[in-house]
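Letter by letter, the chains look like this.
Number of protein chains: 2
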Amino acid sequence: MAEAWTGNAVVGQSGGPTVVINQSLVGVIEEIQKYRHIKNLLGAHHGVHGIIHEQFYDLNRQPTQMLDLVAQTPAAALGSTRDKPDQKYCERIFEVFRKRDVRYFFYIGGNDSASTARIIERVARDNHYALRVIHIPKTIDNDLLVTDHCPGYGSAARFVASAFMGDDLDNRALRGVKINILMGRDAGFITAASILARQREDDGPHLVYVPERPFSVEQFVADVAAVYERLGRCVVAVSEGIRDEKGELWAAKVSVLRQAHLEVDAHGNVQLGEGVGSLADYLAGTLRAQARNIKRVRADTYGYLQRSFPGYYSHVDAWEARLVGQMAVSYSADSEVNGSVALVRLPGTTYAVGTKLVGLSQVAPDAPPKTKSLPAEYINQAGNNIEASYREYVGPLVGDLPKIGWFEQIAEAMPTRP
Amino acid sequence: MAEAWTGNAVVGQSGGPTVVINQSLVGVIEEIQKYRHIKNLLGAHHGVHGIIHEQFYDLNRQPTQMLDLVAQTPAAALGSTRDKPDQKYCERIFEVFRKRDVRYFFYIGGNDSASTARIIERVARDNHYALRVIHIPKTIDNDLLVTDHCPGYGSAARFVASAFMGDDLDNRALRGVKINILMGRDAGFITAASILARQREDDGPHLVYVPERPFSVEQFVADVAAVYERLGRCVVAVSEGIRDEKGELWAAKVSVLRQAHLEVDAHGNVQLGEGVGSLADYLAGTLRAQARNIKRVRADTYGYLQRSFPGYYSHVDAWEARLVGQMAVSYSADSEVNGSVALVRLPGTTYAVGTKLVGLSQVAPDAPPKTKSLPAEYINQAGNNIEASYREYVGPLVGDLPKIGWFEQIAEAMPTRP
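So the sequences go chain by chain: A and B. Count the first sequence with the working numbering and you get residues 12 to 429, in order. Count the second sequence with the working numbering and you get residues 12 to 429, in order.
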């Protein structure tokens, strides 16, 4: 194996923040101290945007006390971006890389960030510029290809499962229908995690709708009415990414109905968030109008809390996010190829993971599917619930959940005290 | 002092749940063991609704392990209700009370529950039925009269302050405008607590709107544009209860615009929740249309998470909620009057509280004001922010907040490693 070349490194964060993305960043910073191949580590302010504007943090000189605290802090400590570099943007990146002798580029992010990493890899190769590019996975959506799961997902899943525990208790206390709209533009992983809230047989969520199956409002109303008839209440998990039979986003349809404006980012993704609050109100309003025996209907949109709530994360997720950052540095020293760090679940009965480096073209391919969907085996036949088998996949990523207490019996007769 | 009469007791929970309302319930259950005046303790299933339907939990026989767990569990373990008893309803209540020799009635709830307690007190007196009625305060809205603050508020405030810490970090990472709609139908206490998220000078929320001041959309757009101009981003806290100059709810106005239907409960309150998701989208959409230089606008509605998120509460709040439950039993044994347990903040430099029993007519008066508003001294002149002095009031109720780390400097020049 050839010896790793020597130079400086840039690390950046990109795309939607998570509560553990800074674990990966700190993993890179601390691991570099063990090696000789990287001299100085620059933190790009707002990802590639910071590179072209030459705005960097000096990451060699941050005190360890602060690194420990940053690791536990949600969002992206370096700042993030949704910029997607084009040819001219790349020229400027390489101008800066040359000037500062940057030979290692670590980019922490999701699908779009992997794409950006791949573009930079290609431009480096075309220009015979010696650069090692390592993508470090991050996304609450859990929709990256190859990796068993994505750092950031376990914590978002833990937040959602905990939130549904509380919401289900609230719904038991004041009965009615409660609808919660959850993140997940294309994949139902976050929404599916809501089933971890179930302990008792009649615990919610009672219905779960993911983007992988077409969503029909008629079926939704019938489903909710049936649960309400049986239990006198109903808690529903709905992904913000639900689509109709033609594949059109319901959030977009509702927004058009209400003259709202959707944003489209540089990567061509519709930016949900707008229209999502209206989606909640639309579903609630439709239920009120069409299922008149239901007395109380509420709808919330969990929104950014799912990816940014501080001090509430999965310990497994935080550990793994740190690990992939550290392994990125290790791969940069030992391997002669670029790639993305993937988590591999080890076969066996007790949960354990390893990592591997996979080619960027596998994580950011040219042809669809470019992202991972919730596997069909986890969605029930009717498309309105998640199979219990999903717990085996998601449970270990989430770790401990709050303990819940309740009173078992209702006294029929007057109790007597001895 | 006359000796307390002997009989059975009913305890119930009423109104919107909180994460610590079960602390008060368990406080009642455990404290009764110390006294002889109450023989059996019945837990009314869904408040007064459970009384008239004779659905009770036997609270003398719940294992201590389960009581400890129930105390930490959000929502109302006995079930809650929004029923307001009329004459016929009361007749049925007293029929059950007579049949079961109920001589003590503990009711845990907010303003409407205090009203219910007062109705029951009056009917008992009119019928010469010996009954001691004690109201135990609970409401995340913090709008009960007399008491320094309400059990349930500190935990909701802690959730909101933590959420804004995360949301502000998220907004720093991906800059733009973020609007969060918070609970509080008439009072701005929950929304005001968002200022605890601020550590650095430029931390959000940068603007805070409460129901105590009329909300003008024109002013809102101008305020946000000014902050955005200065910082390149803006985080906004908006109460769901904001009203226009005529006192009309914005959530209702937006719902009418969008043909949604608002619910009105038995106490005559408009039940927000519906229209609130649309309010978020309406404010975001208006900003997009009128402040076109702002590139990225997002809006979330925190919703029920503020009152039901499990495992995330204020320790001070949990302790006080337990205390008021215990003191209710103590007052029932030692005092000859009915009343509501109020928290009294002891004068001095270090936060400490005591309790007192106040007449039900003081907490549920016949004439307005029937609830407490955020004192005017805490709202800034422009009506778009909360004064720093509010920290002194709210800080001790919330307790510890997550620690946040960040990188201080941006390296202008290339750093060199020794």
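Watch out, some of these pointers could steer you wrong.
In this list, chains with the same sequence are indistinguishable; a pair is considered to hold if it fits within one copy or across any two.
Quick list of in silico lysine-lysine cross-link-like pairs, DSS-like style, CA-CA up to 27 Å [what the hints assert, rightly or not]:
#1 95 to 306
#2 381 to 50
#3 99 to 306
#4 414 to 383
#5 306 to 383
#6 45 to 110
#7 264 to 99
No lab work stands behind these hints: they were computed from the structure.
Unsatisfied constraints (hint numbers, rising): 2, 4, 5 and 7
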